[in-house]
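Chains V and E, in that order, are what the protein sequence lines are. Terminal number for the first sequence in this note's numbering: 157, no gaps in between. Terminal number for the second sequence in this note's numbering: 1667, no gaps in between.
Keep in mind that the hints were calculated from the coordinates and are not lab data. Treat the hints loosely; a few may be bogus.
[To be verified] Between beta-carbon pairs, the in silico distance windows are:
| id | chain 1 | residue 1 | chain 2 | residue 2 | range |
| --- | --- | --- | --- | --- | --- |
| 1 | V | ASN57 | E | SER1512 | 15 to 25 Å |
| 2 | E | SER1088 | V | VAL37 | 50 to 60 Å |
| 3 | V | GLU111 | E | GLY1516 | 25 to 35 Å |
| 4 | V | ASN57 | E | GLY1640 | 53 to 63 Å |
| 5 | V | ASP38 | E | THR1145 | 46 to 56 Å |
| 6 | V | VAL37 | E | GLY1611 | 34 to 44 Å |
| 7 | E | THR1605 | V | SER102 | 54 to 64 Å |
| 8 | E | ALA1169 | V | ASN140 | 30 to 40 Å |
| 9 | V | VAL37 | E | GLU1592 | 44 to 54 Å |
| 10 | V | ASN140 | E | THR1627 | 25 to 35 Å |
| 11 | E | ASN1663 | V | ASP38 | 21 to 31 Å |
| 12 | E | ARG1572 | V | ASN57 | 30 to 40 Å |
All figures in this text were calculated on a predicted structure; none of them were measured in a lab. The beta-carbon is built from N, C-alpha and C at its ideal position, and this holds for glycine as well.
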Amino acid sequence: MKRILYILATVLCITAPVSCQKTGEEGTDISGEWHLVDTGGLIDGQQLDIQVYVHFNNGSFELFQRLGEKQTRWWVYSGTYSTSDNVLSGRYSDGTRLGGTSGEGYAISLEGGTLTLTSVFSGEVSIYESAEIPDEVRENAVAPVRSAETAAPVPLL
Amino acid sequence: MTIVAAGLFLMATACSVDPIGREPDHGAAIAPAGKIINTSLNSEKGSLLIRLNDASQADAVKAVLESSGVVLTPLFPGLTAATTKAGSAENRLARWCELKFSKYADLDSIAKVLSGFEEVGKVQFNNTYKKASDGRSYRLSAIPTKADFSDFNDPQLANQWHYHNDGSADLAATARRGADINVADAWRLETGRPDVIVAIIDEGVQYNHPDLAQNMWVNTAELNGTPGADDDGNGYIDDIYGYNFVNDTGEIGWSTDGNSGHGTHVAGTVAAVNNNGTGVCGVAGGDGSSDSGIRMMTLQIFNGGGTTNDAIETRAIYYAARMGASIIQCSWGSTAGAYQNDQQYSSANAGAEALEYFLTHPNCREAISDGNIAIFAAGNDATGMASYPGASRDCISVTAFASDNLPAYYTNYGPGCNIAAPGGEYYTGETFSEETCVLSTMPTVAIPSINDDGTTSYSVTDYGYMQGTSMACPHMSGVAALGISYALDLGKTFTRDEFVTLLTTSVNDINSYLVGTKTTLITSSSGTSSIGNLELAPFAGNMGTGTIDAWKVLMQIEGTPCLMAEVGKSQRINLDSVFGGGSEDLTYLGVEISKEDYDAIGLMTEPVIKGGQLLIQPTIYGSAKMTIRAIAGGSQTGGGANMGGMEISKEVSVITRGISNGNGGWL
Chain V
1 MKRILYILAT VLCITAPVSC QKTGEEGTDI SGEWHLVDTG GLIDGQQLDI
51 QVYVHFNNGS FELFQRLGEK QTRWWVYSGT YSTSDNVLSG RYSDGTRLGG
101 TSGEGYAISL EGGTLTLTSV FSGEVSIYES AEIPDEVREN AVAPVRSAET
151 AAPVPLL
Chain E
1001 MTIVAAGLFL MATACSVDPI GREPDHGAAI APAGKIINTS LNSEKGSLLI
1051 RLNDASQADA VKAVLESSGV VLTPLFPGLT AATTKAGSAE NRLARWCELK
1101 FSKYADLDSI AKVLSGFEEV GKVQFNNTYK KASDGRSYRL SAIPTKADFS
1151 DFNDPQLANQ WHYHNDGSAD LAATARRGAD INVADAWRLE TGRPDVIVAI
1201 IDEGVQYNHP DLAQNMWVNT AELNGTPGAD DDGNGYIDDI YGYNFVNDTG
1251 EIGWSTDGNS GHGTHVAGTV AAVNNNGTGV CGVAGGDGSS DSGIRMMTLQ
1301 IFNGGGTTND AIETRAIYYA ARMGASIIQC SWGSTAGAYQ NDQQYSSANA
1351 GAEALEYFLT HPNCREAISD GNIAIFAAGN DATGMASYPG ASRDCISVTA
1401 FASDNLPAYY TNYGPGCNIA APGGEYYTGE TFSEETCVLS TMPTVAIPSI
1451 NDDGTTSYSV TDYGYMQGTS MACPHMSGVA ALGISYALDL GKTFTRDEFV
1501 TLLTTSVNDI NSYLVGTKTT LITSSSGTSS IGNLELAPFA GNMGTGTIDA
1551 WKVLMQIEGT PCLMAEVGKS QRINLDSVFG GGSEDLTYLG VEISKEDYDA
1601 IGLMTEPVIK GGQLLIQPTI YGSAKMTIRA IAGGSQTGGG ANMGGMEISK
1651 EVSVITRGIS NGNGGWL
C-alpha cells in the first residue's frame, strides 16, 4: 500500500510539477529577501548599475532588477521555485526556466546571512546578502510587459 | 526689370496673356532657368511665392511689382532684412515673399516672367494641401459608463477603445485586445504638463469647449492687452489662443459653413481635459487638476472646407516655432504621389524651410536639446506611399489601424510612413458602426455643409466619432507630448534624433497580423466602393515600425534596459526591448562597436544583425556598449532622391554572463 501511495505521489509530482514546486522548501530553506552583492566581478568591474533583489517565499519568488546606465525603473519578475537536492530550480511566470535556457538551476550554499548561488550549467557564482527590499523598489517596480499585450495570431493555412 | 514688370502687369490682371509667344508649360517641373521649383498643378489661384537671393532686395522688388499692381508681402510677418541678422535662419526665411494677383491670372506665365528677375532666386506655385479625413462626424449615442481600466471619471472614456481596447465583441466582432495606444497604464506615471505646448495646425479649435478650455494655450500678453493691438510685438494682433492664418486675424473660427469640426476633434484626442467628469479623455489631458495637462495652441489653416496652401501653413509652422510649441500636430498633407521624393518636395520650398526652422529651434530644451517634433498624418488615399510634408525624412508620418489591429481601409502605407496609431474605421469586419471610429470632442454648435447633391448636412455637436489618419496622428502627438512631459519630470534630456528614435521604437508588432484578408470598405479602380476583402499582405512592413505604445515610450525615457548574453556561445538576441515589438521586421543598417568594447567581452567576430536579431559570440564575462542603426519605416532611408524612413540608432549595453534565459530576468 505504501508503495502504491509513493508511486501515486510520484506520478502526481511528475504530472503536476507546478504544484510540487509550490512546496518550495524541500531542500535548503532560502526563504527571505536577498540583495545581489557580487557576480563574477560584474558589479564591481563595470560601469553598469546592476541592482538585483529577490524574495523567496514558500515556493514563490519575486525578482526586482535594475540593469544598466541611467536606469530609473525597477522591473519585477515573479515565478515559482523549489530547492530539491540543494539545487534551486523553477520557472518564471512566463514559463522561462531559472538558470538559463538549460534550466539546470543553481547549487545552493547558505551561510548565515549570505546566499551563494552557483549556476549548475556554467559555474557562474552569484552572492546575495540578506537585506530587506526597500519599499521604494517595490513601489517603483513594473512588470516588463505591457498590460494589454496582444496575443500573437496563428496564421491560417 | 521695368520692362519685365510691365509685362507682369498685363499678366497679373488678364487670364491668358503669353509674354513670349508660347503656351505656358503646365507640366514642366523646372523652368529653363531652374528657378521655378514646382508646377501649377494643385496650386492656389492668384498667388505665387518667390525667394529672393537676399532679403535686403525685398523693398526694391516690392516697389517694382507694386508699380505693376502686384501686391508683395513678406511670407513671414515681421521678418525682414532690417529685423534679422545676416546669415541667420530668420534672415533666410525673410527672403520669402508672397505675391497676390487676380484669381484669373496666368500664373505659369507670370512665374516665367518672375524667374527673369535677377533678384529672384526661386519661384514657387502655392501648393495646396487637404485634411486627412473625410470630414464626416458620427453621433455619440453610447450610454455613459465608468471605464474599468482607469480611475478617471470622464463618462465617455469607456467608449474610447483607441486608448484601451479589451477586444470586446460588443465593439466589433473582429475587435482585438490591445489594438490601442496603451495609455491607461501610462497615465499612472504621466498625464501631461502645462509647459509642454502642442500646436494644432488645422481647422480652428473651439478653445472654449468645456472639455478643452482648461488645456488651451493662452497668450497672456494678448489676453490682458489692448484689443486690436499687437501687445507682445510678435507681428500678430490679438493672438490669444493662436491665430487664424486663413483670414489673418486673431479671431479663431470653427463653426462657419463648410467646417467639419476636424480641428476640435483632433485637439480632443491630444488633450481633452481628463478626470473632469465631462465627456472624453485626451492622451495628454492631465489628471483634472489645473496644473496638469499639456497646452494646445490653435493655428487655423483651414476655414470653410476646401484646402489650405503653402503660404498659410508656412506661416503657421513658423508661428509655432516662435511661440513655444515643441510639437506640431498636422493632420493634413498633399495627395499621395504629388511628390515622389524628399528632393522634389523640399528643394527650396517655403514649407520645407519653415519645417526645418521648426525642427531645429528647440522650444523645450530641458527635454529635447536641439529641436522640436513634427507629426503628420500619412494620408487617406489608400496608396502605397505617404503624403508630403509628412513623408519627409525628418517628420513622423502616422498610418492608421482599426479596432481589429489591422490597417484601416483608407490609410496610406509604404515609403515615408513611420508608425501606426488608431484612426478608427466605420466598416470593420461585419460591423458598420460609428463606435469603431475615434471618439473625441466636437464643436458645440452644429456646422452646416452642402453635400454633392445639394442637400445640407450638419456636423454632430459636443462629442462625436470621426475616422482617418487625421485621427491617428493626434494619438501620436499626444503620446509624444506625454513623453516630453515625462522627460521633464525625470530631468532627462535627449537630442531630437534620440527622442524621435525613442518614439518610433516604442511600438507593438503589427506585421505578424498582416496575413490573409479583412472585411471592410473596398474602393475599386473605377472609384466605386463596396464591402469586400482587403488583402493585408501589401501592408506588411509598410505601416511603419509598429503600433505606438504610450507605456513603452515612458519606459524608454526611463532608460533602455541592458541585453544579456551568454559567454561561450554564439547566440541571437531579440531586440524588442530596444527597437519595439516589431524589431525582427525592421531594416537594420549595421552594428558599431569600439575596439575597447569588443575586447571587453572577448567577441570572436563583429556583432551583426541576422533575422532581425543581434548575433553575438562573447567569450568572457563583462559588458560592452554597441550602437545599432536601423530604419524607422520601410527598407530605405528618406532624404534626397528617396522617399523613405528615418535613420534611427540606439546605444545598448550588453552584459555577458554564464547564463542567459531569454526573458531578461537575472536569475
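Does the structure break any of the earlier hints, and which numbers would those be?
Checked against the structure, the hints that fail are numbers 1, 3, 7 and 9, while the rest are satisfied.
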